[in-house]
Amino acid sequence: DAKTTQPTSMDCAEGRAANLPCNHSTISGNEYVYWYRQIHSQGPQYIIHGLKNNETNEMASLIITEDRKSSTLILPHATLRDTAVYYCIVTLGSNYKLTFGKGTLLTVNP
Amino acid sequence: DAGVTQSPTHLIKTRGQHVTLRCSPISGHKSVSWYQQVLGQGPQFIFQYYEKEERGRGNFPDRFSARQFPNYSSELNVNALLLGDSALYLCASSSEGTGIWYGYTFGSGTRLTVV
Numbered sequence: 002d003a004k005t006t007q008p009t010s011m012d013c014a015e016g017r018a019a020n021l022p023c024n025h026s027t028i029s030g031n032e033y034v035y036w037y038r039q040i041h042s043q044g045p046q047y048i049i050h051g052l053k054n055n056e057t058n059e060m061a062s063l064i065i066t067e068d069r070k071s072s073t074l075i076l077p078h079a080t081l082r083d084t085a086v087y088y089c090i091v092t093l094g095s096n097y098k099l100t101f102g103k104g105t106l107l108t109v110n111p
Numbered sequence: 453d454a455g456v457t458q459s460p461t462h463l464i465k466t467r468g469q470h471v472t473l474r475c476s477p478i479s480g481h482k483s484v485s486w487y488q489q490v491l492g493q494g495p496q497f498i499f500q501y502y503e504k505e506e507r508g509r510g511n512f513p514d515r516f517s518a519r520q521f522p523n524y525s526s527e528l529n530v531n532a533l534l535l536g537d538s539a540l541y542l543c544a545s546s547s548e549g550t551g552i553w554y555g556y557t558f559g560s561g562t563r564l565t566v567v
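Quick note, the sequences are listed as chains A and B, same order.
Under the working numbering, the first sequence is numbered contiguously, ending at residue 111.
Under the working numbering, the second sequence is numbered contiguously, ending at residue 567.
The shape of chain A in the complex, shown without the other chains (with noise of 0.2 Å):
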């Protein structure tokens, strides 16, 4: 699995977009970008993926790079129930393991 590079922590303001970046240089073509959440103490949560084009669902939007080495998460209104940790994962697709870092910590302030 292609490794990913987040960075540590992040803050953003209530009611402000957050964009978590994500760098992704070694991907391969057929390998997908996964994001999953985990709030604390409860397990991670499914977010959002995609492959080549940008993805948007009701959770956030995807933008991925047309070179494909990196990415970006956008929740575009954040609340304080967003305060968690945020993993970009590649992988080969959807019946494969998920490979997590570390993660960012994204807290949102009021």
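In short, the hints are calculated from the structure, not lab data.
Watch out, some of these pointers could steer you wrong.
Cβ pair distances, simulated, as ranges [claimed, not checked]: (1) A:Thr-108 to B:Arg-509: 34 to 40 Å; (2) A:Ile-40 to B:Asn-531: 28 to 34 Å; (3) A:Ser-42 to B:Gly-508: 22 to 28 Å; (4) B:Glu-527 to A:Lys-53: 38 to 44 Å; (5) A:Gly-30 to B:Pro-522: 37 to 43 Å.
We put the beta carbon where it would ideally sit given N, CA and C, even for glycine.
Given the structure of chain A, go ahead and fit chain B onto it with the hints provided.
Coordinates of chain B only, in the frame set by chain A:
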């Protein structure tokens, strides 16, 4: 609908003992995976089962074993417990094979403390 349920939620064991953790996947999910999360780290993959067959195993010693039952529930067994086995054990199920993919759904985990 019930999510992924794990039992027990908390457990304290003594070094050298054996432990069994249980997981019930979301109804209709045939794939179950187990992860270990040590404090301050991301979850680490232990096992994956699909249709009662082991599909993958992470870098864990043979003291760790698992199985999946005909109803797709699963057990994780750890023998000869060490202090380093203290962790949050997470179970995840997926809708693989159903044609609908929503990512893995994780349970809230079992907090194991070895003393």
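Hint-by-hint comparison with the structure:
In this structure, Thr-108 (chain A) and Arg-509 (chain B) meet the distance hint of 34 to 40 Å, their C-beta atoms being roughly 36 Å apart. The given range of 28 to 34 Å is respected by Ile-40 (chain A) and Asn-531 (chain B), whose C-beta atoms sit roughly 32 Å from each other. Distance hint check: the CB atoms of Ser-42 (chain A) and Gly-508 (chain B) are about 27 Å apart, consistent with the given range 22 to 28 Å. Between Glu-527 (chain B) and Lys-53 (chain A) the beta carbon distance is about 39 Å. The supplied range of 38 to 44 Å therefore holds.
For the pair Gly-30 (chain A) and Pro-522 (chain B), the beta carbons lie near 38 Å from each other, so the given range of 37 to 43 Å is met.
The structure meets every hint from the earlier list without exception.
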